[in-house]
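Colleague: Sequence:
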Amino acid sequence: MFFYPQYPTVPHFRCILPRKKQLPMTKKKFHIEYVFNKVSRRSLWNHLVTTSGLSAWFADDVSTDVADTVYTFKWGKDKQVADVILMRPEVSVRYHWQDEEDGCYFEFRIHTIELTGTTALEITDFADPNEKADAISLWDTQVRKLKRMSGI
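Using this note's numbering, read the sequence shown as starting at 213 and increasing by one per residue.
Careful: at least some of the hints might be erroneous.
Said to hold, decoys possible - Below 25 Å or equal to it, Euclidean Cα-Cα: the simulated SDA-like pairs (lysine to any residue) are:
| hint | residue 1 | residue 2 |
| --- | --- | --- |
| 1 | Lys241 | Glu313 |
| 2 | Lys289 | Ile348 |
| 3 | Lys239 | Thr284 |
What the hints assert, rightly or not - Label-pair restraints from in silico Cβ distances:
| hint | residue 1 | residue 2 | range |
| --- | --- | --- | --- |
| 4 | Thr328 | Ser275 | 35 to 41 Å |
| 5 | Arg254 | Asn342 | 36 to 42 Å |
| 6 | Glu313 | Lys250 | 36 to 42 Å |
| 7 | Ile364 | Asp273 | 20 to 26 Å |
| 8 | Lys250 | Lys344 | 18 to 24 Å |
| 9 | Ala345 | Val278 | 19 to 25 Å |
| 10 | Ala345 | Glu302 | 30 to 36 Å |
| 11 | Gly288 | Thr328 | 23 to 29 Å |
| 12 | Thr328 | Asn258 | 33 to 39 Å |
| 13 | Ser267 | Ile297 | 18 to 24 Å |
| 14 | Ser252 | Ile348 | 25 to 31 Å |
| 15 | Lys291 | Thr336 | 19 to 25 Å |
| 16 | Gly315 | Asn342 | 17 to 23 Å |
Don't read these hints as lab results, they were simulated from the structure.
Every value quoted in this text rests on a predicted model; they were computed, and no experiment measured them.
For glycine and all other residues, C-beta sits at the position ideal for the given N, C-alpha and C.
Please construct the entire structure, taking both the sequences and the accompanying hints into account.
Modeller: Here it is, written out as structure tokens:
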């Protein structure tokens, strides 16, 4: 007979629910900011959330589900699916890759720099510490393309 000290009145307690295993998060959050002179918030926002806007600079092809909460991004033959987990219209949108660990996301946040009055795009992403420089370089390349699409 087995006795569990936390269940002294149940001598044959065998139905112990397994705990969900929490793996330590290896990726670290980082932020980068890009200035967009003479670009309206609405125009920039449309490039961050619409399928046509995202297809112009972020991926080769982008599609969404009926509710616009699940985005499918395609680069050549590769495809990744992301859920929209937070959206504040014309302010920020947060995406979570479905195959990525919990707690990781990438976010676009539009704000105005008070000192100059210019529009800025802040990107939050996660990367392994040894891949952070590559991730930033990739964002730099993508945002240059976004700036060209925006007429900058």
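Colleague: The structure should be examined with respect to each hint, and the outcome stated for every one.
Modeller: Do the hints match the structure? See the list:
With a C-alpha separation of about 13 Å, the suggested pair lysine 241 and glutamate 313 falls inside the 25 Å cut-off, and the hint holds. For the given pair, lysine 289 sits about 24 Å from isoleucine 348 by alpha-carbon distance, which is consistent with the 25 Å threshold. This hinted pair checks out: lysine 239 and threonine 284 have alpha carbons roughly 23 Å apart, not beyond 25 Å. In this structure, threonine 328 and serine 275 meet the distance hint of 35 to 41 Å, their C-beta atoms being roughly 37 Å apart.
Distance hint check: the CB atoms of arginine 254 and asparagine 342 are about 38 Å apart, consistent with the given range 36 to 42 Å. The beta-carbon spacing between glutamate 313 and lysine 250, approximately 38 Å, falls within the hinted interval of 36 to 42 Å. Taking the beta carbon of each, isoleucine 364 and aspartate 273 are about 24 Å apart, inside 20 to 26 Å as hinted. In this structure the hint that lysine 250 and lysine 344 lie 18 to 24 Å apart at CB is violated, the actual value being about 31 Å.
Between alanine 345 and valine 278 the beta carbons are some 39 Å apart, a value that contradicts the proposed interval 19 to 25 Å. The hinted window of 30 to 36 Å between alanine 345 and glutamate 302 holds, with their beta carbons roughly 31 Å apart. Separated by about 39 Å at the C-beta atoms, glycine 288 and threonine 328 break the suggested range of 23 to 29 Å. Between threonine 328 and asparagine 258 the C-beta distance comes to about 23 Å, which lies outside the given range of 33 to 39 Å.
About 21 Å separates the C-beta atoms of serine 267 and isoleucine 297, a value consistent with the hinted range of 18 to 24 Å. Here the CB-CB span from serine 252 to isoleucine 348 is close to 26 Å, well matched to the stated 25 to 31 Å. For the pair lysine 291 and threonine 336, the beta carbons lie near 23 Å from each other, so the given range of 19 to 25 Å is met. In this structure the supplied range 17 to 23 Å holds for glycine 315 paired with asparagine 342, their Cβ-Cβ distance being about 19 Å.
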